[in-house]
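Visitor: Kindly produce the complete structure, drawing on both the sequences and the hints.
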Amino acid sequence: MLAEKSKPQPITADDGVNAGSRHPRLSLVPAKLESRQWAHHGFPQVQKVLRERFCHQQLPEEPEGVEAQHKHLLELLKRTAIHGESNSLLIVGPRGAGKTMLLKCVLRDLLQDKEVQKNLLQVHLNGLLQTDDRIALKEITRQLHLENAVGDKVFGSFAENLAFLLEALKKGDRSSSRPVLFVLDEFDLFAHHKNQTLLYNLFDVSQSAQTPIAVVGVTCRLDVLELLEKRVKSRFSHRQIHLLSSLTVTQYLRLVGTQLSLPDEFPDAKFAQEWNSSIETLCADKSVEEVLQRHFNASKDFRSMHMLLMLCLSRVSVAKPVIQPADLQEASRLCLADAKANMLHGLSILELCLIIAMKHLNDVYEGEPFNLQMVHNEFKKFLQRKSNSMYNFNQPVVRKAFEHLQQLELIRPVEGSSAKTQSEYQLMRLMLDHSQIMEALQKYPQCPTDVKQWAMSAFG
Amino acid sequence: MTTLLQHPGYEEGRLQKVAELLPCREVQAGMLLSLMGEPQQYSYPSIFIYGHRASGKSHVMHVLLKELELPHATVSCVECVSVVLLFEHVLRSFFGSDAASLLPCSPSLSDFVRVYRQQCSQSPAKETRYIVMEKAELLRDTDANVLPALLRLQELVEDNVTVILLSEIVWDKFRPNTGCFEPLVLNFPDYSKGELQQILSRDRHPSYSAEFYSSYINILLGVFYSVCRDLRELRHLAALNFSKFCEPVEEGKVKETDTHKLWRNIEPHLKKAMQTVYLREVSSLQWEQMQQMEEKETGILRGLSAHTHVELPYYSKFLLIAAYLASYNPARTDKRFFLKHHGKIRKTNFLKKNEKTSNHLLGPKPFPLDRLLAIFYSVVDSRVAPTASIFSQISSLVTLQLLAQVSHDDQLDAPKYKCAVSMDFICAISRTVNFDIVKYLYDFL
Ligand SMILES: Nc1ncnc2c1ncn2[C@@H]1O[C@H](COP(=O)(O)OP(=O)(O)OP(=O)(O)O)[C@@H](O)[C@H]1O
Ligand SMILES: Nc1ncnc2c1ncn2[C@@H]1O[C@H](COP(=O)(O)OP(=O)(O)O)[C@@H](O)[C@H]1O
Ligand SMILES: [Mg+2]
Ligand SMILES: [Mg+2]
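Protein sequence lines correspond, in order, to chains A and B.
Number 460 marks the last residue of the first sequence (full-length UniProt numbering); no jumps.
Number 445 marks the last residue of the second sequence (full-length UniProt numbering); no jumps.
These are computed hints drawn from the structure, not numbers from a lab.
Hints may be right or wrong, so weigh each one.
Calculated lysine to any residue pairs in the SDA-like style (CA-CA distance at most 25 Å, straight line) [claimed, not checked]:
no., chain 1, residue 1, chain 2, residue 2
1, A, Lys381, B, Asp424
2, B, Lys193, A, Gln407
3, A, Lys320, A, Leu282
4, B, Lys365, B, Thr259
5, A, Lys400, B, Lys272
6, B, Lys17, B, Ile199
7, B, Lys126, A, Leu282
8, A, Lys104, B, Glu158
9, B, Lys173, A, Ala337
10, A, Lys443, B, Pro104
11, B, Lys135, A, Arg429
12, A, Lys386, B, Lys126
13, A, Lys194, B, Lys17
Guide: As structure tokens, then:
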């Protein structure tokens with residue numbers, strides 16, 4: 001969807017639309033740094049500007065590569081906000097693809113219109129917060145400032161309550177109704193509410209001509225319609241806006257450059273210029289290209305790109321006010337680190353031996369679950385072949401090690417095995433595969449040779 | 001050290017103090033500080049830190065937030081049994097106790113976010129606010145929306161807030177089915193043996209030289225490092241056994257520098273400690289008392305360490321033995337073991353094709369009551385008490401959890417049992433009634 005024509009668009013440091021992004025002034029730079037010219041303004045500023053972009057999800061001046069969706073959504077919302085038509089639609093796309101951002105950008109542009117600003121009412125709900133329809137209704141009432149109007153009235157049904165709210169909005173100086181925009185982020189979660197009452201009623205109102213409302217659902221579930229009950233689904237307009245990235249590698253690389261660049265409005269123009277040209281050099285580097293290619297293959301959404309770039313940015317300091325290829329490599333290494341391997345590295349030698357015993361059991365019994373007794377037995381077989389007894393631990397010590405592995409969720413009890421079983425007979429599965437174990441063994445600090453050989457041998 | 005000291009926005013003196021308090025964690029603390037950025041700048045919405053127990057996750061966070069005086073709330077997911085406590089604690093820490101009282105009773109996440117936003121619009125963050133969640137893996141057991149909401153709390157409350165999750169479980173085991181806001185994941189690597197030595201040596205006793213204490217730690221690690229790398233646990237063990245280590249020096253028998261003699265004196269003692277203190281079978285206090293008693297009479301340890309001191313009635317012991325036999329022997333071998341005047345039958349006669357593993361590896365099998373009684377009557381030689389009392393003894397064995405009743409809902413009339421004691425335990429019991437149980441076990445034929 002990324003339009004070829006869109007050229008790198010600098011992003012302003014402070015667009016002032018997002019209320020949350022309003023920011024206190026920067027504190028004074030420590031006095032001892034003042035001697036260094038470039039650090040004086042540049043360094044804290046570059047951190048500030050880029051952090052807002054990567055950490056605070058600041059709205060871009062113009063979203064990249066979603067012009068069509070932006071236009072479509074703006075049109076639809078205008079019809080409600082200006083012409084009083086009701087509507088319903090879904091914005092669907094993977095996590096971090098920019099659904100929320102798109103909606104916010106469109107709202108920002110929509111509210112440029114003075115008339116809209118005065119008229120349009122907004123209700124923002126989130127499936128993570130309004131976990132049932134009672135809570136949702138309370139929140140709707142509050143966001144429409146109708147708590148007083150409702151007072152302690154008792155309503156017979158949800159529909160009646162909602163109708164009352166919408167009716168109450170009509171009263172006042174205007175004879176016609178004010179349009180209401182309902183945004184339901186994490187829309188799929190609302191489908192789990194009892195009887196889907198809220199969804200049913202909102203869609204129902206959006207179909208009847210009483211009050212102009214627009215219902216915008218935002219979700220990452222492509223199969224979201226299948227979650228809707230028939231009577232709910234039939235009231236939905238079936239309009240969907242998809243945000244599926246069709247970015248190519250070249251576009252991705254260029255985007256990284258744009259995202260790292262400082263805007264023209266940057267207070268220290270000279271610094272910005274130097275910074276931006278250093279970014280250009282960075283992006284031209286072969287090793288950087290390789291790293292980014294690898295990331296692109298794993299995920300090409302903005303959010304994971306931002307995380308990678310944030311890690312790079314954290315390596316920029318007063319002493320080193322540039323990003324170097326090595327920084328990107330290090331950031332990428334952090335992103336791609338195998339967490340389980342890190343945990344295996346810190347196991348005690350006893351715990352590592354138990355893992356090896358489990359691996360052998362898995363090999364012999366073709367992945368059948370095992371219990372502590374079997375593992376200990378396998379371990380003992382290994383010890384018997386050795387002359388010295390440095391690993392002669394008694395059963396309770398071995399059990400404690402085994403339980404620690406379970407706590408770390410490196411092994412997991414087989415589902416359905418009863419809680420009444422004694423712990424040493426509780427059937428378990430190993431949550432590691434062969435290659436992970438062998439790799440861990442290679443990296444294990446001062447791993448005794450005999451243990452290594454035991455792990456390598458075909459049979460326990 | 002140098003990495004820790006160059007962070008604009010923080011006072012150098014404070015950073016110095018932080019560096020002193022965090023030996024062997026300079027890299028991690030430096031990394032965190034550069035991610036956090038200057039106090040008034042934004043930080044990443046959520047950071048997930050994982051690493052082994054006692055790898056300093058809580059310690060580093062605590063020192064950083066405290067010494068640098070950053071606004072924060074530290075929440076232990078163990079203590080916050082309900083999310084209400086979490087909400088109250090966060091609001092109280094950031095906005096004072098009045099804010100917490102604005103929550104309605106049994107508040108939802110929606111209420112929390114509403115109150116937070118309302119408070120935050122009155123007192124916006126001048127510096128990044130931090131919420132630290134200890135033992136974050138427990139969040140997976142609360143309502144499904146809590147974890148994903150915390151991960152994107154910054155977006156939900158529109159405040160300069162960062163949530164830091166600490167856990168010993170890897171992030172992959174947290175991710176909900178439909179995904180969530182991915183936190184920035186950081187690892188705290190385990191301390192190497194050398195680092196443990198360095199950290200533990202700092203606790204030295206003022207009346208002894210640094211070398212002396214350091215050689216003690218070296219010996220301690222020699223014994224425990226292969227089973228335990230938990231700094232907290234090692235520190236505990238070090239404190240507990242130090243007086244024993246000093247004894248020969250105090251008595252003037254050995255010089256402080258004679259490491260070999262000191263080692264010979266303490267090593268057996270530490271090995272004993274591994275069997276008891278490390279396994280929490282005795283409390284530290286008991287251990288200290290035992291040490292004193294040991295001077296007078298040796299061998300008291302054995303009695304205390306296992307749970308063999310459970311005193312059972314005579315017949316109950318036989319019932320338990322019978323239950324053990326019924327659990328671990330195949331039913332078809334009962335005749336061979338318990339019928340008087342059976343001919344000599346070798347194990348091969350019983351062997352079935354698929355029996356590759358011993359029953360002692362697979363665990364006890366359930367058995368019906370009549371089988372238990374049959375074995376019981378054949379192993380008890382003398383005349384047996386009336387059956388009614390046998391039944392009550394069985395139920396008290398169940399209460400003591402030495403026997404487990406395996407309930408099948410569809411077979412209420414025919415309960416089945418499993419023996420729930422270990423081999424060591426049953427051998428000890430058998431010895432007290434002069435019964436050689438090993439002879440009757442199929443696995444040991
Ligand atoms: N086309 C784009 N141009 C510029 N920035 C973008 C674009 N798309 C996404 N972003 C940035 O990526 C980040 C993630 O976007 P956003 O929060 O909207 O994702 P989302 O689709 O709502 O994810 P989730 O399903 O997890 O809510 C934001 O910081 C946003 O500004
Ligand atoms: N680098 C260190 N220097 C000094 N003490 C440490 C260090 N790391 C951990 N500790 C101490 O070890 C104990 C366990 O550390 P903690 O931070 O609670 O571990 P975690 O949270 O990773 O389980 C604490 O008492 C802490 O003070
Ligand atoms: Mg979103
Ligand atoms: Mg901790």
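Visitor: Does each hint hold? Answer for all of them.
Guide: Status of the hints after comparison with the structure:
A distance of roughly 19 Å separates the Cα atoms of Lys381 of chain A and Asp424 of chain B; the hinted pair therefore holds under the 25 Å criterion. For the suggested pair Lys193 of chain B and Gln407 of chain A, the alpha carbons sit about 23 Å apart, so the restraint of at most 25 Å is met. For the hint pairing Lys320 of chain A with Leu282 of chain A, the CA-to-CA distance comes to about 14 Å; that is within 25 Å, so the pair holds. With a CA separation close to 53 Å, the supplied pair Lys365 of chain B and Thr259 of chain B exceeds the 25 Å bound.
In summary, the hint linking Lys400 of chain A to Lys272 of chain B is supported, as the alpha carbons are separated by about 16 Å, within the 25 Å threshold. Annotation: proposed proximity of Lys17 of chain B to Ile199 of chain B holds, straight-line Cα distance about 16 Å (limit 25 Å). With a C-alpha separation of about 34 Å, the suggested pair Lys126 of chain B and Leu282 of chain A falls outside the 25 Å cut-off, and the hint is violated. With a C-alpha separation of about 13 Å, the suggested pair Lys104 of chain A and Glu158 of chain B falls inside the 25 Å cut-off, and the hint holds.
About 15 Å separates the Cα atoms of Lys173 of chain B and Ala337 of chain A, which keeps this hinted pair within 25 Å; it holds. The straight-line distance between the Cα atoms of Lys443 of chain A and Pro104 of chain B is roughly 53 Å, outside the 25 Å bound, and the hint therefore fails. About 24 Å separates the Cα atoms of Lys135 of chain B and Arg429 of chain A, which keeps this hinted pair within 25 Å; it holds. Of the supplied pair hints, the one linking Lys386 of chain A and Lys126 of chain B is violated, its CA atoms being roughly 64 Å apart against a limit of 25 Å.
Using a Cα cut-off of 25 Å, the hinted pair Lys194 of chain A and Lys17 of chain B is violated, with the two alpha carbons roughly 55 Å apart.
The structure is inconsistent with the numbered hints 4, 7, 10, 12, 13, although it conforms to all the rest.
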